[in-house]
Amino acid sequence: MFKINFIIKNNSIFHIFLLQLNKTNIYIKSTVMKNTIYRYFFTEFISLFTLILISICVIVWIVQAVNYLDFVTEDGHAFSVYFTYSILNIPKVIGRLIPLVFLISLLTTILQFEKNNELLVFWTSGLNKIRLVNFIFIISILITLFQLLLSLSISPSSLNIARSVLKSSNITLFPSLLKEKKFNDTVKGLTIFVEKKTPNGEMLNVFLRDDVPGNAKSKTIIAKKGYIETKGVMPFVKVGVLTEQNFLVLFDGVIQTEKKNKKINFLKFYKTDINLASFESKTTTYPKIQENNTLSLLNCIRPFLDEGKIILSERQCRARIDDITSELNRRLGMPLYIPIISIIVCYLLSSRKESKYYFLQKYIVFITAFAILVFAEIMVRYSGSSALSSIFYYSLPPLLILLNYQNLIRIFKFENLDQ
Numbered sequence: 561m562f563k564i565n566f567i568i569k570n571n572s573i574f575h576i577f578l579l580q581l582n583k584t585n586i587y588i589k590s591t592v593m594k595n596t597i598y599r600y601f602f603t604e605f606i607s608l609f610t611l612i613l614i615s616i617c618v619i620v621w622i623v624q625a626v627n628y629l630d631f632v633t634e635d636g637h638a639f640s641v642y643f644t645y646s647i648l649n650i651p652k653v654i655g656r657l658i659p660l661v662f663l664i665s666l667l668t669t670i671l672q673f674e675k676n677n678e679l680l681v682f683w684t685s686g687l688n689k690i691r692l693v694n695f696i697f698i699i700s701i702l703i704t705l706f707q708l709l710l711s712l713s714i715s716p717s718s719l720n721i722a723r724s725v726l727k728s729s730n731i732t733l734f735p736s737l738l739k740e741k742k743f744n745d746t747v748k749g750l751t752i753f754v755e756k757k758t759p760n761g762e763m764l765n766v767f768l769r770d771d772v773p774g775n776a777k778s779k780t781i782i783a784k785k786g787y788i789e790t791k792g793v794m795p796f797v798k799v800g801v802l803t804e805q806n807f808l809v810l811f812d813g814v815i816q817t818e819k820k821n822k823k824i825n826f827l828k829f830y831k832t833d834i835n836l837a838s839f840e841s842k843t844t845t846y847p848k849i850q851e852n853n854t855l856s857l858l859n860c861i862r863p864f865l866d867e868g869k870i871i872l873s874e875r876q877c878r879a880r881i882d883d884i885t886s887e888l889n890r891r892l893g894m895p896l897y898i899p900i901i902s903i904i905v906c907y908l909l910s911s912r913k914e915s916k917y918y919f920l921q922k923y924i925v926f927i928t929a930f931a932i933l934v935f936a937e938i939m940v941r942y943s944g945s946s947a948l949s950s951i952f953y954y955s956l957p958p959l960l961i962l963l964n965y966q967n968l969i970r971i972f973k974f975e976n977l978d979q
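Anchor point for the sequence shown: position 21 equals 581 in my numbering, and the numbering is continuous, going up by one each time.
Keep in mind that the hints were calculated from the coordinates and are not lab data.
Just so you know, these numbers come straight off a predicted model, no measurement behind them.
We put the CB at the ideal spot given by N, CA and C, even for glycine.
There could be a bad hint or two in this list.
Unchecked claim - Cβ pair distances, simulated, as ranges:
1. Phe952 - Val626: 35 to 45 Å
2. Leu709 - Glu740: 47 to 57 Å
3. Thr668 - Asp883: 33 to 43 Å
4. Val623 - Tyr830: 43 to 53 Å
5. Leu611 - Arg970: 33 to 43 Å
6. Thr790 - Phe935: 25 to 35 Å
7. Ser685 - Pro958: 17 to 27 Å
8. Val934 - Val623: 17 to 27 Å
9. Leu611 - Thr790: 44 to 54 Å
10. Phe829 - Leu709: 57 to 67 Å
Unchecked claim - Quick list of in silico lysine-lysine cross-link-like pairs, BS3-like style, CA-CA up to 30 Å:
11. Lys822 - Lys848
12. Lys727 - Lys675
13. Lys922 - Lys594
14. Lys739 - Lys785
15. Lys756 - Lys779
16. Lys785 - Lys757
17. Lys822 - Lys757
18. Lys675 - Lys922
19. Lys828 - Lys757
20. Lys756 - Lys742
21. Lys819 - Lys784
22. Lys828 - Lys848
23. Lys819 - Lys742
24. Lys823 - Lys742
25. Lys831 - Lys848
26. Lys822 - Lys742
27. Lys828 - Lys742
28. Lys785 - Lys823
29. Lys756 - Lys739
30. Lys741 - Lys831
31. Lys594 - Lys973
32. Lys779 - Lys741
33. Lys727 - Lys739
34. Lys819 - Lys848
35. Lys784 - Lys822
36. Lys741 - Lys675
37. Lys727 - Lys922
38. Lys741 - Lys784
39. Lys675 - Lys739
40. Lys848 - Lys784
Start from the sequences and build out the full structure, keeping to the hints where you can.
Pasting the structure below:
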C-alpha cells in the first residue's frame with residue numbers, strides 16, 4: 561500500500577514538472593515568435609523608409625541643384641565649387657524630409673501588412689496590439705534621435721563648410737560671363753561693359769567702373785581693347801605655391817579717378833593689369849542662421865533676453881533674436897513631432913480591411929498626421945516671437961502622445977485585445 565501511494569505521489573510530482581516545463585517551452589516559443597515578428601516588421605519598415613527617403617531626397621536635391629546653377633552662370637564660380645556646394649546641402653534636405661518620409665513609410669508598411677493578412681497572423685499568434693504600438697513608438701524614437709543628430713550637428717556643419725567653399729573660391733568663369741553690349745556686375749562693386757568680343761577672346765571698347773565700398777576713390781576706366789589672362793601668382797601667405805588668378809589686361813585707355821573732394825584726375829595708359837582676385841563675388845559669404853552650429857546660436861540668445869533686439873556680433877549672430885530662436889526650435893522641436901505621428905498612424909491597427917469604413921479611415925489617418933506636420937512647420941516659424949509660443953510648441957507633442965495613447969488603449973480594450 562505504501563509503495564502504491566509513493567508511486568502515485570511521484571507520478572503527480574512528475575506530471576506537475578512536465579506541465580511547468582511545457583509552460584516554459586510555450587513561453588520561450590512565444591517570446592521567440594514575437595521577437596521574430598518585431599524584427600520582421602522593423603526590417604520591412606526600415607527598408608521602405610530608406611528607399612523612399614533616398615528617392616525623394618534625390619528628386620529634391622536635383623531641383624535644388626538646378627537653382628544653384630546661378631553660382632556658375634551669374635556669379636562665375638567653377639563647376640567643382642557648384643558640385644561641392646550642392647553635395648554638402650544633402651544633409652539639410654534629408655533632415656527636412658524625415659518627418660514626411662516617416663509618415664509615408666509607416667502608413668504604407670501597416671497597410672501592406674493588412675493587405676497581405678500579416679497583421680491577422682500577428683494577432684492569432686498572440687501578439688498584443690498595444691505591444692505593437694509600443695514597438696512602433698520605439699522605432700519613432702530611434703528616427704527622432706537620428707533627425708536630432710542631423711539637425712543639431714551634421715546639417716549645420718555641412719552647410720557651414722559649403723559656405724566656406726564659396727567664400728574661398730575664385731571667380732574662375734569670369735571671362736565667359738562677359739557678354740557683348742551688356743553691363744556685367746558679377747563682381748561686387750565692379751561694373752564692366754564690352755562693346756564687342758572677337759572669336760579669339762579679345763574685347764573691344766571696354767568700360768569699367770570701380771565702386772568697391774571702402775575705397776577712398778572711385779575709378780572709371782575706358783580702354784580701346786583688352787582681354788582676360790590667367791596668371792600664376794605666388795601669395796605672401798603661401799611662399800613657393802603658385803595659384804591661378806584672372807587678370808583683366810587693358811590697352812590704350814584712360815583712368816578717371818574721382819577723389820573725395822569731387823575732383824577728377826585723368827591718367828592715360830598704354831597697358832594696365834587689373835587683378836580680379838582682389839574683388840569679391842556678390843555671393844553671400846558670411847554664414848546664415850541655419851549654417852551656424854547649435855552652440856553658437858545658444859550663445860547668441862543667452863545674453864539677449866529682450867524680444868526682437870538686434871544682435872550685432874560680426875562673427876555668428878547676424879540675425880534677430882526671434883529668428884535665431886525659431887531656428888533652434890526647428891532643430892530641437894521639429895523631431896519631437898515624429899513620435900506623435902507614429903501614434904496617429906497606429907489607429908489603423910484598430911480597423912480591418914473588411915470594415916466598410918476601412919477605406920475612409922486610412923485617408924483620415926493620413927490627413928490628420930499630415931496636418932500635424934504642416935501645423936508644426938507653420939508653428940516653428942512663429943515660435944521665436946515669444947516665450948509662450950516656444951513653450952506651446954514644445955508642450956504640444958507630449959500632450960498629443962499621452963491623449964492618443966490612452967485612447968488607443970481604450971479602443972483595444974473594447975476589442976477584447978488587452979494584455
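Broken hints, by number: 6, 7, 11, 12, 17, 22, 25, 34, 36, 37, 39 and 40
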